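Start from chain A and add chain B according to the hints.
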Amino acid sequence: MILFKNVTKIYSSNSTALKNINLHIEPGEFVSIVGQSGAGKTTLIKLLIAEEKATEGEIIIGGWNITNIFEQEIPTLRRQIGVVFQDFKLLPKKTVFENVAFALEVIGASSQKIKKIIPQVLKIVGLEEKANYFPEYLSGGEKQRVVIARSLSHRPKLLIADEPTGNLDSINVQEIINLLLKINQFKTTVVLVTHNREIVNTLKKRVITLDRGIIVGDQSKGRYVI
Amino acid sequence: MFFSIFRDIKIAFQNFYRNIGLFLVTIIIIILALFSINLLIVLNILTNASIDVIKKKIDISVYFKPETSQDQVFSIKSRLEVLPEVENVQFLQKKDALLWFQKKHKDDPKILEALQELDDNPLGDSLIIQAKKIKDYKTILNILDERQYKNFIYDKDFGDYENFIDQLNLSSNKAQQITLIISIIFIFIGILVIFNTVKITIHTRREEIGIMKLVGATNWFIKIPFILETIICGIFAFSFCIILFYPFLYIIQPLISGFLEDYNFNIVSYFNRHFLQIFGWQFVFIVILSIISSILAIKKYLKV
Chain A
15 MILFKNVTKI
25 YSSNSTALKN
35 INLHIEPGEF
45 VSIVGQSGAG
55 KTTLIKLLIA
65 EEKATEGEII
75 IGGWNITNIF
85 EQEIPTLRRQ
95 IGVVFQDFKL
105 LPKKTVFENV
115 AFALEVIGAS
125 SQKIKKIIPQ
135 VLKIVGLEEK
145 ANYFPEYLSG
155 GEKQRVVIAR
165 SLSHRPKLLI
175 ADEPTGNLDS
185 INVQEIINLL
195 LKINQFKTTV
205 VLVTHNREIV
215 NTLKKRVITL
225 DRGIIVGDQS
235 KGRYVI
Chain B
24 MFFSIFRDIK
34 IAFQNFYRNI
44 GLFLVTIIII
54 ILALFSINLL
64 IVLNILTNAS
74 IDVIKKKIDI
84 SVYFKPETSQ
94 DQVFSIKSRL
104 EVLPEVENVQ
114 FLQKKDALLW
124 FQKKHKDDPK
134 ILEALQELDD
144 NPLGDSLIIQ
154 AKKIKDYKTI
164 LNILDERQYK
174 NFIYDKDFGD
184 YENFIDQLNL
194 SSNKAQQITL
204 IISIIFIFIG
214 ILVIFNTVKI
224 TIHTRREEIG
234 IMKLVGATNW
244 FIKIPFILET
254 IICGIFAFSF
264 CIILFYPFLY
274 IIQPLISGFL
284 EDYNFNIVSY
294 FNRHFLQIFG
304 WQFVFIVILS
314 IISSILAIKK
324 YLKV
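Chains as they are written, first to last, in the numbering used here: chain A, 15 to 240; chain B, 24 to 327.
The shape of chain B in the complex, shown without the other chains:
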């Protein structure tokens, strides 16, 4: 048994080497199919990263009335910090709170004008709260709306975001659905293209299969080297795809850095961290596809 497998592998590698011209086309086609799928993965990652960037810019600014003491603000801060939904709570003093408020409303001349008309800073100390997830903001807001805090809070500026977040979530879900559909179409096209290429490769060698049958080879004796050759071909293409894809990632990294400023996102590191998840299934997929397509393609020529 082991002897036979060893011999089959040896024959498969020998045939692969001797028919390299024929396999080259198959390898190129598989590389292109895998490259396209990986390109789509990059697009998906970038879409998610962009949405994350926007989500990270969202926070709740809570402006307290000037008469609220720092102890009261700190006690509210402590309560918020222990909530599982809260990522971070930042304390701003009265003066900084005004600057923060002005910065946040820099595009709203009416608010800025109203502030200028006032001699004193109407704001007290403030808290800037960031939630772990977008949906967690609602929980935090509900807590801040409790009666016990109403007397201390001058204003909360989350209301402007609510509409935006709903739209963002909607767009994010739509983007993911579109990527999924495109991925399925690409994978389907990839399967068809790879299957047909394997079919053509085996069709070219149909006479060889006929001769093997006439000499008395069983179907599996003929099939196994052909399946192994296709797997070798797939693995070669898969390896070349990775070899070509990493330089591509290095090339696009500066563009991504420019696009996702302040986010410190590195696509190469992302692929390194998720190497097995991204390429592992591609490897399994290509091996299974090689086995199925070669078995189906060879079947027709075994009836001699």
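Isolated chain A, as found in the complex:
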């Protein structure tokens, strides 16, 4: 469960990213957060992974109040969340296998466990043949699938996808969305941040619309309305 209570984020006196946000996401939900550039979508994600701290209000994830989270607690929080970024954020000098393994290494998984889990995860994303490739030899779609594999490997309860299709062509976009839906079927909460109207409209899932830092719409089977 994700809970935002009256959350405001102010970067500077003339830059308020989020204003009085109240939000409740149930476990296992698939939620799309939409809005134009500068609407506050990325700030919302940054607050969820404690990259930024709220200026006002409270944020609770899975019963853990992370509003004033200590620096040393942040890694523990992030290990319970899978994050998929638009710009992939893969470690360039590590192979596909090693990139996925890294997420397991940080939680202290044994080599045996890593060797067992990774082929399974790579099979889910269709990259079992490319385990020994370095990111520079992968297409954009493949890179994004590696990122999804990495964020899945430690079985997080929450998967955040920040514009995961922003750098992909239409075929790859559909593949990635299908993967996210598949992950959601295993009861993982998925928060998809996007401004891709077509995706949101075909998903027929809950849509939260942000505009200039304010929630202007929250529909259970919504559409992209802005």
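No lab work stands behind these hints, which were simulated from the structure alone. Here the structure is a predicted model, which means the values were calculated and not measured. All residues carry an ideal CB built from backbone N, CA and C; glycine is no exception. Wrong hints could be hidden among the right ones.
[What the hints assert, rightly or not] With the Cβ distance kept under 10 angstroms, some of the chain A side facing chain B (calculated, not the full set):
#1 V97
#2 R164
#3 R220
The following block gives chain B in isolation, referenced to the frame of chain A:
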């Protein structure tokens, strides 16, 4: 714990291999810094060796009066030999003493002329005394000045050296001070250069550090492989420096032999004998510097 260290070392070696292009610059810089410091050590050794050569050429020549018997000379020799300050006492017969005296004063025509005017050898037997340390000559001279010996001794030719030794000691101390100051400056420059090179290397990989943080890695989980990589880099540079420095020593050895004639000084043997003292601290220094510089350089990028 051991599993984690093993994995960290494995990752560090893997990263080192995969980022070799990046580390190459760091390795070259460290090699140059260490090479410069070792060059300074060679200079210091040579300065000390040169001063030793000069000091070894110093002795006290004691010329006895012709009427002094050999037994009396030998009894003085025996007394001197048991002194802890004395390195060696050599006995010269009357005839050899004259040759020795002439040789020592070959640049003094007045003394040579005076000797030629005399029909007989004015000198008796002689003793050539070498002290262990320069400062010990004063003690030996004080003993020779005792009243009991005054009647036997014709001349002692240490007086000429006294001024020279004082100057030599002064120059030797100054040379050591200058070398120390230059060494400190070089070490300081070396630290700065190595630190900045490590900083640039880590700066190039700042995005990687950010990604690791976003995936949930703790600061130490990220730091340890980076520290180990820098240590590996330092050890590589250190090893290469030794590999390059020894041929350099072999090249300069003939020049040193020519410079320090009769001294039988071998710079390669010197480095072999003092290998641990010279390179041991450099190894410790480079490891500590690698740890400190990588910890400081990475700190900035861990705030994600």
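Can you name, in rising order, the numbers of the hints this structure does not satisfy? Violated hint: only 3; rest satisfied.
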